Structure formats: C-alpha cells, structure tokens
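Chain by chain, the residues run as shown.
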Amino acid sequence: MSDDSIAEFRAEVRNFIAQSLPDDIREKVRRYRDLEKSDYVRWQKILQDRGWFLGSWSKDWGGEGWDPVQQLAFLQESGEAGAPMVIPYGVSMIGPVLNKFGTDAQKERHLPGIISSDVWWCQGYSEPGAGSDLASLKTMAVREGDHYRVNGSKMWTTEAHWADWMHCLVRTDSSGRKQDGISFLLIDMETPGITIRPIVTIDGQHHTNQVFFDDVMVPAENLVGEEGAGWSIAKFLLSHERLSISDTGPKLRLMGRLRAMNAKVQKDPSVSAGLKAILAQRMVDASVQIETLRALEHYFVEGWAKGRPAGADASILKVRGTEILQALSELAVDLQGPYAATHDPVDLHADVTGEGEDSAAEMASAMAHQYLYGRCWTIFGGTNEIQRNIIAKVAFASAG
Amino acid sequence: MTLQLPLSEEQTMLHEMLSRFVSERCDIEARAANLHANPPRRMALWEELCELGVPSALLSPEAGGFGGAPEDLAVVQYALAPGLLVEPILVSVGLCGRMLDAAGRSVEAVAAGEVVYAFAHQEGFDPFNAPQMKADADGDVFVLNGLKPAVRHADVADRLIVSANGPDGTILFDLAKDAAGLTVTPSRQIDAAGSADLHFEGVRVAKKDHLDCDAEAVIEDALLHGLVAIAAEAASLARATNRDTFEYLGLREQFGTKLAQFQALQHMAADMAIAAEEVAAQAHTAVVALGRKASAERNRAILVASLACDAGGRAVGHAAVQLFGGMGVSDETPVSHYARRFAAMRAQFGTTDARAARLAQIEGFGHE
Ligand SMILES: Cc1cc2nc3c(=O)[nH]c(=O)nc-3n(C[C@H](O)[C@H](O)[C@H](O)COP(=O)(O)OP(=O)(O)OC[C@H]3O[C@@H](n4cnc5c(N)ncnc54)[C@H](O)[C@@H]3O)c2cc1C
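Protein sequence lines correspond, in order, to chains A and B.
Sequential numbering of the first sequence, starting at 4, is according to this note's numbering.
Sequential numbering of the second sequence, starting at 5, is according to this note's numbering.
Keep in mind the hints are simulated off the structure, nothing from the lab.
Model, not experiment: these values are computed from the prediction.
Be aware that a few hints might be false.
Here are the simulated lysine-lysine pairs, DSBU-like style, with alpha carbons at most 35 Å apart [unchecked claim]:
| no. | chain 1 | residue 1 | chain 2 | residue 2 |
| --- | --- | --- | --- | --- |
| 1 | A | K103 | A | K181 |
| 2 | A | K238 | A | K48 |
| 3 | A | K396 | B | K138 |
| 4 | B | K262 | A | K181 |
| 5 | B | K138 | A | K279 |
Examples of chain A residues lying across from chain B (beta carbon under 8 Å, computed) [what the hints assert, rightly or not]:
| no. | residue |
| --- | --- |
| 6 | I202 |
| 7 | V203 |
| 8 | Q269 |
| 9 | S273 |
| 10 | S275 |
| 11 | A364 |
| 12 | R391 |
All C-beta atoms, glycine included, are put in the ideal place defined by N, C-alpha and C.
Bound-form chain B, shown alone (with noise of 0.2 Å):
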C-alpha cells in the first residue's frame, strides 16, 4: 500500500502496474546505456509511460484524465521513483497539465504525450517568490526579456510554459520552444535528467498566449503538488535505498564475518530505518494536506514535510553510498544514482535553505 493511503481499486492496480514496469524495464544498465548515449535518450521510455495511462493518472476527468487526486500523484510517484525516470511526466503532464486545465486550455495533446511541456519558472533560489522577468505589454503582445535558468527538462520540451512580470504583476505564457528571441542552452542535472537556461530577448507573445488565470495562485498550486510529489518519490526511494543496503550488508563479507554482524553498522542501519519511516510519515502527511483547500495552514505542512524528506532522504542515501564502501561511489551501483536523485530533489522546487526561509516566516519565527 502506498504510504498507507486509502487507494481506490483502479489506484491499486497502477501501482502494481508501475511497480512491475520499474522492474522489468528500469533497470540500471538500459538505463545508462540510454543517458550516455551520445546525444542521451532522455525520452526513452516516454511512450511506453503514455501507453501505461500515467498521464491519465495525473489529470482529473474534467481535463480528460481519470485521476489528478493528490493520492493518483504520489501512487504515480511512488511506484516510479526506483526506475529513476528522467522522462518529464511529473512536469509536463502533473505540472503543465494541471495549469493549463486551470486556464481552460485543452489538455489533450500533453495527455496523449504528444506535446511536452516544461515549466519555466523560478529564477533565483526561491520559486514561492513572484517571478522578476519582464513582460511589458506592446499593442496586442507581450515582450519577454530576461532569464529563466536550468529549467528542468526544457533541453526535451515542446513548448514552455513561462512566469513573468507584467504590468498588473504575474502572467503566464504558453509558448512554443522554438519562439523568435528564445535561445535555449542545454544542461544536465545531477540526477542525468536534462535542463536548459532560457533567455529571452525580446520574445513577442500575442496577448490571447497568456494564461487566463490567476497566476499566482496556479503557480503556488504547482509548486505545492511539485513538492508532495517529490515528498511521495523520496519515500520510495527511501525504502528502495534502505532495501539494497540492508541486503548488501547481510551478503558482503570482511574479517571472516558478514558486515550486518558489525554493530556500528548495525546502528547507521538503525538510523537509516528511523529515517525511512519519518520520511514516509511525512510524505503521507504532505499528500492528505494537498488534499485540503488552499491556506496557510496547508503550505507549511507541506513545507514541513519537504524538509523533514529531504533532510530524511539525503542522510539515508549518504549513508547507503557510505555502506557500500567503493561500490556505493560506483556508477553501476544503484544506490550511487538514488543518492544523486536524492541531491536533486533536494533543489528542485527551490533550495531547502529557501523552503527552509520560507517556512520560517509562515511560522512567525523571525523579524519579517
């Protein structure tokens, strides 16, 4: 059961979908033929994910779907997170998705795949704050001048969708990749999934390519299902972690003896167990608030619990490389690749010092 939620049948039956397509097509040498191949297959399971329904399961039946409920997201997620996917269906599909249904757009194209799309968003270290990039209104456009850096999965996207600062404050675009005055820099992520700084210089947008709705609130519902869906996949890999270690520790053998049998590891084992089940309290706890409607109150449990996974997460997967002695530092095992999705996670949607800020001052714990 997936963090003790209360799952519908057809929930169940993704899972075990998924669970059983992470097994039988993730595995750790298909996919690092993939990512070092030369330009990387950062699309390579894509069809096969839109022939599994997981768009569908991130998007609610009004925008054509048959799931979008925050427990859709973090089955989703959770059964995902051992395959290690750098394939942007959290993004295109439950990011990009979920705010062009906001807007009233049709969703059809991203559903069936066939449009992907990145989320061009935050500038500096927080993405809570409002975006500072221009759009001065010229006649019947908008002209976008600025920087939107190391968008994730902006390297394999179609089309954008971008923040900026207007003339009555926050607008959202939806925008084709290839646009006149956008030039695309390609980068790499940590965790081998692709990104790109994206700089717009003079890039004209007619007026009925923005988003009709209000910006600010769709922009924090993003990033909120954002965070609790990176809460659910740490969870998961928490568990995937702790699973490979554990068993890697009752296998390998040092001075005559099997290295489960040495206390001081035996303790970091404890640890790591203490770990994995806070970080799943959490992300249970993170999935039921997103479930509630907009308030204070929801944003700083989800925030609390972004923090408590990331701080969880990492420490299990630092500890795992760090039981694996020279094989957990080695590209083939696995664990080294969930530690690097560990790292990543901890930046996406903002830095944790920034989340950290962030709850902070919902809190009322400092001057502001």
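Okay, chain A solo, but in the shape it has when bound (with noise of 0.2 Å):
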C-alpha cells in the first residue's frame, strides 16, 4: 500500500471507530475499566460486520490480506482511539492453524462461530511444570479407541472461564526428543472431567485460570494435525502473533492520559518548580521512549515488506514494548500525587453510565492497575529473559 492510501485507512479506522464503537464500551476504555467477555464479543461483531474482523487472514481464508503495515495501521488507530483489542486466542491463534492445518470436517465446525465471535477460545499450553520450557509440558493424552483420555493440568491460562473451547498441547509420546511427542488438541469445556480453578493475579483480578483435566475424554476428530505435530503447528501459531506484541496503540493513549495528567500538575501552584521540572523531565523520557518503539515498529514492517529477515525483530518489539509500559505506567502512577498508592481493585468494575467523572480515586485505581497489570507483559507470551536469549543468539549468529 502507498503512504497515501495507508494515511487514509488510518483515517478511516478512526472515524470508523468514531461512529461505531458503542458509547458504553469507549466509556470504559476511556476509564480504564474492567471490559467485560459481552463487551469484547460486541466489538469483535461489530469489526465482523465492516469486514475488518478478519483484516489479517488471507484472501482465500475469506480474509482481507492486509499485509503487515496495513495490520500496524488497523492495530495502531484501534489501540490509542480506545477500541477494545481484539482477543487472540480465536481469530488470531487457532482461526489461523485450522484453515492451515485443520480437516474440511473441523474448518466447517468451528469456524463460523470463530468468525461470528460466537464461540470463544482460550489457549491451554502452560502448565505448572512447563512455562519457559514449554516442550516439558505432561498433559496426557492416551488414544482408546475413538477418543483420548486427557489426564493433567494446564496453568494460567486466561479467560478459560470465559471460554467455550480450549486450544491445547498435550502429550501423546514420552518415548523420544521432547517435542515430538506434542500434539494439539481441540477440547470443548463443557466435556466431564474438566475443573477451572480461578488465579487471581497481582492487580487483584480474575483473568486466568488453572484448568484440571481429570479423565477428559475427548473425540479423536479433534486432534489438529497429525499426532506429533503440536510443537510445529504451535510455533506456526506463534509466528503469526508478530505484529500484535509490541501493541502501540494502547500505550500511545496511555501516553496520551500522562500528557493531560502532567499537564494539571504543571499548573498546580502548589507544586515547586524543582518537583515540575523533575516530572517534565520523566515525561521527556517517556516520550522519547515511546516514539521510539513506534518508529522501531514502522522501521520493522516496512523492513519486512521489502525483504528483511524477521530475525528476532519480533523479540526486540516484545522487550522494548513491555517495558516502555512498565516505564509509562511507573509514571503514571507517580503523577497521582497523593493518591499514587490507591488502588482498589472494584473500581476497575465501576459503572460508567450514570453522570459524572471518576473520582481521583478511581482514576489512580486505574493507573495502579496499569502498573500491576504492567508486570505480567514481560512474563507471559515468553518472558523477556527467553526473548534476550533469542535476540542474543540471532545477533552472535549474524555477527559470526
């Protein structure tokens, strides 16, 4: 796409969401609440309907083939005009493996509702043993007859009580290299022998589980692949979360709240120009932090269109992105001033139709959820340690 025609898709996003996002969830966004499953499947259809739902699936998957800059620009305006994020687990990660992988039996049975965003997914891979070493995961899954029986646990795994369906690695082979023994399973959650266990993680929510499998047995014809193929069918997977990792667009709004946020405090007469001058010092840091990773993020794509090596590109986005967000949401909690340490986890459920404004309670809530939240980014999706070895290694090996 030219320069042009990608300014006026940027346009058009906006104006899209302008005009289409419901008034009650670009509320919530905008305070920094809680969404909730209905509000993300309201979204989700909404995007369905103008036919941007499937932006990044191909052509003949009945996507629209946006190629990488054209998902930046859609994932970039979405980000910081206050849409929700689309959640990955369906469209993103196994919408992608069934049209690549999946039987025609399979792609007519759980696409629609992938599409429809009627039915939703969540991804069991972790378990309490495996987390960076993935390939040691124990889950069982034992062939009788037509159907395995699925014995072990998977561990953080979110919004599996939201979910209709579980996209799993499991066991079938002990016997040889690690990986090859991994298989990728589809298991409906409504099946006996399942048990979600609610973890409630540091920021006081509940957004993931520990899920129990306890003799689950689980049709055949729900085995993506052949058996042993998991490992390679999950880093496909991964691969195709590229773009969605360094997630601008979120952290341009939350670097836009710092700005209005910094903005008070520097007309507040009672603060000392020592204390202004140390702030607007931090939010210089904070800017250039975040216009970096926003030119890193352009400098990658158009990169990747005119042949670069993806490389560990994707792993310096991880790193860079998820600690810029921990840097801003540092900030954004310091700027509260003398609400900096309040934080109470309901606010984040607080209503949002009636009048008024949030309270600076509420609003330093929020910030402190940023902040809490903020710790899980440079864990989950591979934990930055991993990702420096993967950057470490691409860089030795192209320097040798």
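Hints given; two lone chains; assemble the complex.
Quick look at the structure:
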C-alpha cells in the first residue's frame, strides 16, 4: 500500500471507531475499566460486520489479506482511539491454525463460531511445570478407540472461565525427543472431568486460571494435524502473532493520559518548580521511549515488506514494548500525587453509565492497575529473559 | 541483628518476639482471608500487637512507653515488615502518639490501643509543604474547610490529627472522626491497607482542641520518623524478598536444570543482593541520623536514605516478580505482595519525586 492510501486507511479506521464504538464500551475503555466478555464480543461482531475482523487472514481464508503495514495501521489506530483489543485466542490463533492444518470437518465445525465471535476460545499451553520450557509439558492424552483420555493440568489459562473451547497442547508420546511427542487437541470446555480454578493476579483481578483434566474424553476427530505435529503447529501459531506483540496503540493512549495528567500538575501552583522540572524530565524520557517504539515498529514492518529477514525483530518489539509500558505505568502512578498508592481492584468494575467523571481515587486505581498488570507483560508471551536469549543468539549468529 | 544497630537486651528480645509473631501469625493465607472479607478485617491483629507491647516500644518513657528511640522504631519496623501488616501501628502510635506527647497530651489510650489515630496532613505531592486547608478563627472555635486526600488508615481510625492553615500559620488539631461536617469516603491502598478521603465542610473545633506545640516542627519530626520507619521496613522486606526468590531459583527447574544455573538470572540475583545491602546501609544511616538534633543535615541524610531505599527496594521487588515468572504475579505468592508494599512505600510521606525535589532544594542543585 502507498503512504497515501495508508494514511487514508488510518483515517477510515479512526472515523469508524468514532462512529461505531458503542458509547458504554468507549466510556469503559476511556476510563480504564476492565471489560466484560460481552463487551469484547459486541465489538468483534461490529468489526466483522465492517469486514475488518478477519483483516489479517488471507483472501483464500475469506479475509482481507492485509499486509503487515496495514495490520499495524489498524492495530495502532484502534488501540489509540480506545477500541477494545481483539481477543487473539480465536481469530488470531486457532483460526489460522485450522485454516492451515484443519480438516474440512474441523473447519466447518469451528470457523463459523470463531468468525462470528459466538464461540470463545482459550489457549492451554503452559503448565505448572512447563512455562518457559514449554516442550516439557506433561498433560497426557492417551488414545482409546476413537477418543483421547486426557489427564493433567494447564496453568495460567487466560479467560478459560469465559471459554467454550480450548486449543491445547498435550503429550501423546513420551518416548523420543520431547517436542516430537506433543499433539494439538481441541477440547470442549463442557466435557466432564474439566475443573477450572481461578487465579487472582497481582492486580487483584481474575483473568487467568488453572485448568484440571481428570479422565477427560476428547473425540479423536479433535486432533489437529498428525499426532506429534503439535509443536510445529504451535510455532506456526506464535509466528502469526508477531505484530500484535509490541501493541503500541494502547501505549500511545496511555501517553496521552500522561500528558493530560502532567499538564494538570504543571499548572498547580502548590507544586514546587523543582518537582515540576523532575516530572517534565520524566515526561521527556517517556515520550522519547514511546516514539522510539513507534519508529521501531514502523521500521521493522516496512523492512519486512522489503524482504528484511524477521530475525529477532519480534523479540525486540516484545522486550521494548513491554518494558516501555512498565515505565509509562510507573510514571502514571507517580503523577497521582497524594493518590499514588491508591488502588482498589473493585474500581475497575465501577459503573460508567451514570453522570459524572471518576473520582481521583478511581483514576488512581486505574493507573495502579496499569502498573500492576504491567508486571505480567514481561512474563507472558515468552518471558523477556527468553526473548533476550533469542536476541543474543540471532545477534551472535549474524556477527559470526 | 537489626541493621547492625547497637541494640539493648530489651530491643533484641523485642526483635525476636516480633519475628516469631510474624512467622506464627502472619501467613499469607490468613492475611488474604482477613483482607478479602467483606468488609475487610484490617484490625485483625491489632489486639495481639498491643498485647505484645508494640505500642510501648514506640513510645518514650515520658509518654508512658519503654522505647521511642530511633532504634526501637527500626526494630519494630524491621521485625514486622515480612508480616505485611495493614494495622495502623506506625501511624497511630509511632507518629500520632509522638505528636500528642509533644503537645503534652495524654497518650495512654493510644498506647493501650484503645484509641486509633490517623494523620490527616498531606494534601499534594509533598507533605513537607505547609497545609493549605483552611482553619478560620470564629470566637472560641476554628472552622475547618478543605480536603485531606487518601489518608492512610482513616477508615479504621477513631480520631485524627489534622493539620491546617490557621490565622498564624500551621496548626494541628486533635479531632474525632465523627465530627459534624466531616465526610469520610473510604478507599484502598495498593498494599491492601485502608484509607479515606476526608472532606471538611465547616467542621468546628474548639480552640482548646488544637495541639499546643510548634506545629511545623512537630509535623516535620513525624514525617522524618515516618521516612526512617519505611526505610527500615524496606531493608527487611528486600531481605525477605531475596530470601524467597533465591530459594525459588534453587528449586524451580526448566530445561532440565535449576533456574539458579542460568547465568542471566544469577546476574539479576546478584543485582538484587547488591540492592538489598545498599538499602540496609541507607536504612542504618537513616536510623542513626534520626537520633541527631534537628538540622538541615539530618533532613538531607534521611531524604537521601529514603530515595535510595525506594530505588533499591523497588528494583528488588520488580526483579523478584520477574524471576518467579507467572508465580510472581499470583496473589498467592508472597513476593507479589512484597512488590505491592514497595509500591505503597514509594508514595507514603510524599511521592519519591517530591522527595527528590526537596533534596535538590536542600542541596542547592536547582535555582530555587
Ligand atoms: C497473566 C498471565 C497470563 C497468561 N496466559 C496464558 C495463556 O492464556 N495460555 C498459556 O498457555 N499460558 C499463559 N501464560 C503463561 C506464560 O506464558 C508463562 O508464565 C511464561 O511462559 C513463563 O513461564 P513460567 O511462569 O513457568 O516461568 P518460568 O519458566 O518458571 O520462569 C521463571 C523465571 O526464569 C526465567 N527463565 C526460564 N528459563 C530461562 C532461560 N533458559 N534463560 C534465562 N532465564 C530463564 C524466566 O524468564 C523467569 O524470569 C500466562 C501467564 C501470565 C502471567
């Protein structure tokens, strides 16, 4: 796409969100509330009606076939304008996997629900004993006639309590190389033998869960690809996620919030000139960081279009994107002044439909939530230490 | 030994007793049960703390206690830190009790834990600034109008020490929380302690209920005690955080080996160990400085220490969460609460930026 048509597309996205984002959702996002499942579903359906929900799917799959430049434009504009994120577990993860590896029957059965957002998915990969070292996962699936008997436990399964289905990595063979014994199963969350234990995280919210499988019988037709192909399917799936990782849109929006909060402090006559200077310096640092992230993202995306090898680019974006979010959120908290230690998880669910703005305490809770949940970002999606291992490996390889 | 301070026999015993209390009575599940209750039980351990004599340790013999020295404050804070208490022992006894005593008031009820105080003073970023809240004289009374935001422990307090800007400068008042015209809007702090916004609308206080003292000096002294208290707490918490984290790295295996075998993590752990020693050294310095006479140098030393303790403590907390991986952000893991306590300390007695600005001023680094 030419620069002009990208600019046009960006404007189109902005206009669409201005007109089509339901007021209550807009208000929740603006006020940094936690969204309900129904909010995400509603927005995803609106995007689907507009023909943008499958933007990154290829045309063969019934998508728009957006190139990375256009995908980035959409993500950035939506995030900055305060549209909810698209929940990836269905459309960005299992959807592409089924398109590529699924049988016709699997596609027929599952794709419509993913496309309409009527069927909700979760991602069951990590386990108590298998996090960074995912390949050592132990949840066993033993073939018995036309079923697999599944036993074990998945850890940190985000939104399992909202999900109708899980795409799950299971062990079907323990004899050879660990990676080769992993298979990719689709599991109906209604199946007897599944229990979900909520996990409350550092932000005081329940997003994630531990899921237990106790003799769960899964029809063999729910195996995706061959037995033992799970690892390579998972790698395909994760490579598909390259762009959403640095997720600059919401960070640009947070930067906007920082600007507004700082402007208020700078005008406050009771704040000393010395403190104002310190805060101004921190704003400069934040601004340089976020602009650098934005530049980096554009640079990579344009490079890929010109044949730049992806190398460790996704890892670089993940490390910087998450660490910059943490830096911004720390400043957001510090800017709350006398409310800088205020945080009530309940405030994240307070009603937004009535008259009036948030109290200072509610605003502080929202920023504290950004700070606390921000600690998760450097951990999930491959920890930043693992990303740094990758970056160093690629960097050394290209030097040698 | 607490922070390598020269402790008396009594102080050493106190430390041992409080450490035992923490290990026996402050486990993370019991804490969660109290704080997740509706309404939260934020005074659950109060009576036990009083029975253990913690208030007496924080008060001088003149005020009816048996301690009150900087070392006593350090011992209490250091020993109790890993317990992550939300009870208002520091504020009610250590700070408000001290202020009441300075004004010649009886501290008996505070020392017995029968009356709980909160300190309604800070308004903006910097509590070392004079309060702006109005106290207008009207015959035999002062009339208070204004807001004290997010006052820690104001939810559980019976009484308040309130600062205001009177006809002749800063005044302190001793006020019941149910005073007419005072609206209390409860809130919560990031470490699960309680707080409240206090709106004063024409609250009338008899002139005799103002504290007869040099209010500015008394406030400054209380704030410095607060900063030193959390410096000592930070030192202890950094130590506890490192203990938990290093133990975990030695137990958890990924890729067929203990996490402790990964050099990248060894270096992170080494930085945590360095930071904890720095925090301890600065906490020690702060305690010693607090024992000196009021001076700009004493303020400077305490501000420097508090900034160093914040930086080191927070770095330790963040690194610990990261090194625990997913477990680090679980509410069931103590380090996730340690990190939240560090976040709360950063904003107690003023934000870190405000402390930095004040230090710059004392040092003459800026133009002011
Ligand atoms: C909020 C949240 C949501 C999540 N949602 C999901 C989900 O929906 N589905 C899902 O499958 N998973 C999910 N995860 C799991 C996530 O992917 C894992 O937490 C992550 O991969 C890290 O694994 P771990 O927690 O077991 O930590 P560990 O792997 O035990 O890591 C502990 C520490 O050791 C470090 N480390 C490990 N190996 C190395 C090494 N070789 N070199 C250097 N350092 C190393 C890590 O970086 C980390 O600091 C979620 C996690 C969180 C916190």
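Consistency of the hints with the structure:
1. A/K103 with A/K181: 24 Å, holds
2. A/K238 with A/K48: Given that 35 Å is the threshold and the Cα spacing comes to 28 Å, the pair holds.
3. A/K396 with B/K138: Status violated; Cα separation ~63 Å.
4. B/K262 with A/K181: 18 Å, holds
5. B/K138 with A/K279: 25 Å, holds
6. I202: At 6 Å from the nearest chain B Cβ, A/I202 passes the 8 Å test, so the hint holds.
7. V203: Since chain B brings a Cβ to about 4 Å from A/V203, closer than 8 Å, the hint holds.
8. Q269: 12 Å, violated
9. S273: 5 Å, holds
10. S275: 6 Å, holds
11. A364: 4 Å, holds
12. R391: 7 Å, holds
Taken one by one, the earlier hints fail for this structure at numbers 3, 8, listed in ascending order.
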